[in-house]
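Trainee: Residues per chain are reported as follows:
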Amino acid sequence: MVDYTYTILIPLIPFVLFILIGLTGHKMKPIVSGLIGTAGLGIAAILSYITAIRYFWTDHLAETGYKSIKAFEITWLHLTDKLTINLGSLIDPISVMMLIVITTVSLMVHIYSIGYMKGERGYHRFFAFLSLFSFSMLGLVMATNIFQMYIFWELVGVSSFLLIGFYYEKPSAVAASKKAFIVTRFADLGFLIGILILSFNTGTFDFQLLTSPTGPAITMPGGAAFMGLSVLTWSLIFIFMGGAGKSAMFPLHIWLPDAMEGPTPVSALIHAATMVVAGVYLVARLFPVYALGAPDALTVVGWVGGISSLFAAIIACTQTDIKRVLAYSTMSQIGYMMLALGVSGYGGENGLGFMASNFHLFTHAMFKALLFLGAGAVIHAVHSNDMKDMGGLRKYLPITHITFLIACITIAGIPPLAGFWSKDEIMVAAWHHNKILFSIEYLVAGLTAFYMFRLYYSIFWSKETHYHHTPHEAPYVMTIPLMILAFGSIFAGFLPFHALVTSDGLPFESHLDWSIAIPSVLIALLGIISATVMYRKTSAIPDKLAGFFGQTYKWAFHKFYIDEVYLFVTKKIIFRYISAPVAWFDRHIVDGFMNLVARVVENTSKLIKGFQSGRLQQYGYVFVTGAIALVLIFVYLW
Amino acid sequence: MNILSLFILIPLLTIIAILFTSNMKQTRVVSAIGMGIQLILAGLLVFLYLTERNTGNTAAMLFYYDAVWFPTLNIHYTIGVDGISVAMIALTSLVVFAGIFASWMVDYLYREFFISLILLASGVFGFFISLDIFTMFLFYELAVIPMYLLIGLWGSGPKEYSAMKLTLMLMAGSALLFVAILGIYFYSAPAGSQLTFNLLEIAKNHIPIEMQRFLFPFAFIGFGVLGALFPFHTWSPDGHASAPTAVSMLHAGVLMKLGGYGVFRIAIYLMPEAAHEQAWIFLILTGISVVYGAFGAVVQKDLKYINAYSSVSHCGLVLFAILMMNQTALNGAVIQMISHGLMTALFFALIGMIYGRTHTRLINEMGGLMKVMPFLGVVYVIAGLASLGLPGLSGFVAEMTIFIGSFQHTDTFHRVLTIVATSSIVITAVYILRVVGTLLLGPIKNDHFLHLTDALWYEKLSTLTLLLSIAAIGMAPLWLSDMINFSLGPIVEKINSVATVAHLF
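Residue numbers (the working numbering), protein chains in the order written: chain A, 61 to 698; chain B, 11 to 515.
Some hints could be false.
To be verified - Below are the DSSO-like pairs computed for lysine-lysine, each with C-alpha atoms no more than 30 angstroms apart in a straight line:
hint, chain 1, residue 1, chain 2, residue 2
1, B, 504, A, 87
2, A, 230, B, 504
3, A, 142, B, 169
4, B, 504, A, 631
5, A, 631, A, 230
6, B, 455, A, 178
7, B, 169, A, 666
8, B, 169, A, 89
As the list claims (entries may be wrong) - Simulated restraints, written as ranges between beta carbons of each label pair:
hint, chain 1, residue 1, chain 2, residue 2, range
9, A, 653, B, 70, 52 to 60 angstroms
10, B, 170, A, 673, 23 to 31 angstroms
11, A, 633, B, 384, 31 to 39 angstroms
12, A, 613, B, 430, 42 to 50 angstroms
Just so you know, these hints were derived from the structure itself, not from any lab.
Bear in mind that the values here come from a model prediction, so they are computed numbers and not experimental data.
Here a beta-carbon is modelled for each residue, glycine too, at the ideal position from N, C-alpha and C.
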């Protein structure tokens with residue numbers, strides 16, 4: 061067996077950096093903390109690349125199919141005879157792929173942030189949190205068991221909370237961070253319940269055991285347990301709830317647009333490329349259990365993904381905050397990935413959806429990080445998030461412009477850029493499995509091209525805005541990451557994913573299906589052309605169109621009022637109709653009863669204390685009266 | 011000299027030494043030294059205990075010592091510890107040590123203050139080392155009495171009312187408890203043999219099931235009052251709100267744990283049959299405590315009230331887990347007692363420090379404090395994260411052990427209740443983040459707050475002691491968990507040998 065023990069260093073390096081920068085950062089020069097963080101992540105990235113090259117190529121694992129290797133494991137906590145929580149690192153195709161995604165994007169974001177965060181208060185705090193996040197995310201993907209995943213799942217949640225609320229003096233940032241944490245926490249409750257049910261029935265947390273086709277999970281006796289679904293199905297649906305929360309799937313997506321309050325590099329790293337795909341990763345990690353043990357749960361995954369991708373794409377067409385457009389776009393693309401998992405089977409060509417989902421995850425990380433970092437450069441230049449304040453920026457920001465354009469073409473799915481290849485695989489998988497979901501994806505492909513080019517034109521073309529300060533291109537420390545990611549966005553599509561990342565570890569033949577690819581490209585072109593007509597120069601068409609859609613446009617603009625529904629539930633129901641009455645009940649009924657007891661005792665004592673007056677006459681009087689009364693009773697009534 | 015007796019002797023010597031001090035500085039230095047020695051001793055005890063276990067000593071109680079002090083009724087001074095009491099003793103010494111530094115600036119009747127505080131601590135130590143249930147009860151009362159004086163004299167707000175309420179409610183609990191203890195005393199010994207209060211002796215005997223049915227509620231509720239069992243928890247918000255910082259720390263951190271410990275050691279351990287029969291009633295009550303306390307905390311405005319309600323929820327979880335009566339859940343309960351003790355003591359210390367600067371505890375009047383007092387702010391955030399169960403801090407270990415343990419129960423009713431209890435993790439997040447968001451983050455609301463100072467050395471020492479312990483347990487829980495588990499094994503076996511689990515559904 062090949063030794064991968066050193067992979068444990070990959071998450072540990074950022075952890076050490078977090079402690080180091082967190083405790084001593086305020087004594088360093090700001091730039092030093094940034095450089096240390098970046099250097100550390102660079103080492104982690106190199107280790108990840110070495111691991112990937114060894115695992116996929118030089119260690120000759122391909123001949124027997126890529127197996128999952130437990131490189132390292134320690135016991136962290138004993139629970140019962142069977143259940144222990146272990147921490148370790150698991151090496152298999154998807155975790156190695158995620159290592160590449162996370163360390164690459166994280167490294168780019170680190171370099172970019174050295175320039176972007178320049179002059180900010182809390183520069184070292186920012187880098188400490190970035191390290192914390194990288195540690196947690198790496199620990200999450202390398203988890204050997206579902207409980208380790210849950211541990212790091214919570215840790216990425218808190219890193220995200222800390223980074224969204226980075227500008228903690230800004231009330232909107234504080235509110236957004238709170239919202240993100242509580243919504244995902246609610247989803248995590250589902251995850252936890254799922255783990256409880258799953259571990260109770262299988263007696264293990266271990267991924268290798270759980271996903272083994274002969275393991276306790278998949279061979280668990282089926283049969284309806286509750287509402288027509290088996291226990292395993294229920295537990296997987298609950299676990300997926302956690303994934304849906306983290307991955308901002310409808311209806312748990314409401315935190316993601318608000319999370320854009322965080323610094324833009326954070327949005328690129330956490331809310332575009334890595335943390336939000338954790339839900340996809342979770343389903344992919346347990347994929348054999350879903351596919352073989354509980355296909356019903358997988359159907360739920362597919363539909364949630366499909367609905368989310370359409371829902372988000374419609375909203376993205378109406379938003380004017382560039383980061384929010386990108387946020388909805390992220391949600392939409394993750395919907396694609398979920399859908400791809402939902403329409404996948406297990407093994408060989410059946411597992412096309414699984415491969416496509418991971419493929420899209422990979423390419424999406426490249427181009428979406430690029431889009432966010434590009435948007436960051438734009439915001440850096442014009443000091444606004446709103447596309448109304450932008451226009452004609454192509455002259456001022458040439459590098460940002462070109463790289464942003466590349467990303468837009470990629471996400472629109474135009475060949476031969478990366479997005480085309482991964483999206484096409486998803487289309488093929490959907491076509492063979494579910495025609496309704498397939499048609500939803502065609503529609504979304506058109507919408508995606510439309511809103512991305514709407515964004516692109518509004519920023520870089522459109523009207524000639526007059527700026528107070530002439531916008532200027534970002535420094536090289538920011539543009540070089542853009543160029544590297546642009547390179548990735550162009551060429552990542554040529555990676556032979558079907559030979560590397562498959563549901564059962566065995567390669568299969570995959571070929572382009574032109575009958576599906578050509579219409580999808582045409583639809584994308586249609587979207588691009590209509591965006592060009594409407595937004596390349598200022599025109600009246602968008603407003604007319606908005607008027608034409610009337611009520612629908614209004615609903616989409618207000619994000620279908622989902623936020624309002626949540627506000628109603630939390631503010632009205634939880635605060636006003638549960639918590640406030642509970643607090644009142646406690647003070648007035650429960651405590652009131654205790655006080656009542658005390659008062660009764662007090663009043664009783666007041667009532668009878670007259671007998672203890674200390675006056676002899678009274679005692680004598682009472683004594684004589686009592687004696688006479690007793691005599692009368694004994695003599696006459698007995 | 012038995013090492014355990016030192017835990018009572020050192021506080022008494024410290025108290026005597028305090029009598030000879032002549033000013034505030036001397037008093038607090040003497041107290042700090044005394045409790046510092048106590049802390050070192052606790053560390054030594056943990057070390058000695060683990061070494062002894064490693065050499066293969068499997069006796070139920072180590073460092074056992076027995077002496078009669080009231081032969082007429084066969085009352086003994088019997089002491090000994092297992093993994094559970096060792097953990098509780100370590101917790102107590104940490105909290106007391108931190109409490110001394112949190113009350114560094116007490117100047118009103120300072121000598122009496124520190125004497126009462128240390129007297130309280132010695133009562134708690136005595137409780138945890140005792141194996142004679144009468145002596146145990148005696149030490150328990152010893153801890154409650156100074157509490158009344160501490161709140162009544164050094165408290166704030168409606169302190170007489172709060173002190174009276176707290177003491178009377180706890181005394182009512184004691185009365186119930188006393189009935190239970192006497193009942194156990196008279197009915198546990200087999201016919202013809204001598205009556206005994208010795209816990210280990212009683213455990214070997216069998217109390218008739220009719221008596222168990224009658225006595226179990228007395229013991230459970232008697233200790234439950236102390237452990238904030240719904241609906242007998244209302245002393246807690248008022249008592250904490252009025253109590254001075256160190257007293258809140260000790261009370262919520264340690265004294266409330268006497269409840270959980272007592273329920274486990276006396277009610278469940280000695281009367282397992284009745285426990286199995288009646289557990290479902292109390293499971294419902296504690297389940298209510300868990301969720302109800304959390305909801306209650308969401309709308310509170312006073313920092314101490316928030317923490318008091320949060321304690322109701324967290325301590326409810328302790329009793330909840332104890333009633334599940336399986337090894338994992340019980341282990342979780344003990345870890346939760348320790349975790350909550352450290353956490354809540356840290357919270358009360360921080361609240362005291364913030365109140366000392368801003369002179370208000372209403373969260374709406376504060377805001378943006380992170381900017382002016384970054385140290386206290388960061389510690390508060392970490393304590394909050396521990397409270398809402400973030401991995402890497404102690405709360406997570408405790409809660410997860412409890413949830414997984416409780417969910418291993420074979421009965422569906424118990425598992426459904428467990429799911430209800432897990433929902434508290436979301437509500438906890440709501441109130442913790444509400445406090446953090448309003449109190450520490452956002453813009454500074456009041457210009458006076460701009461000139462406030464950050465923590466001073468003794469405040470840092472106090473908070474860091476607790477914080478580091480929380481992090482240590484959170485990151486490397488295995489040794490603690492194993493230490494507790496070892497002692498739990500035979501106990502759980504005894505509890506579950508007597509009766510099959512009652513299935514409600």
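Trainee: Does each hint hold? Answer for all of them.
Mentor: Against the structure, the hints come out as follows:
no. : hint                              : result
1   : B:504 x A:87                      : violated (57 angstroms)
2   : A:230 x B:504                     : violated (57 angstroms)
3   : A:142 x B:169                     : violated (51 angstroms)
4   : B:504 x A:631                     : violated (49 angstroms)
5   : A:631 x A:230                     : holds (21 angstroms)
6   : B:455 x A:178                     : holds (28 angstroms)
7   : B:169 x A:666                     : holds (23 angstroms)
8   : B:169 x A:89                      : violated (50 angstroms)
9   : A:653 x B:70: 52 to 60 angstroms  : violated (41 angstroms)
10  : B:170 x A:673: 23 to 31 angstroms : holds (27 angstroms)
11  : A:633 x B:384: 31 to 39 angstroms : holds (37 angstroms)
12  : A:613 x B:430: 42 to 50 angstroms : holds (43 angstroms)
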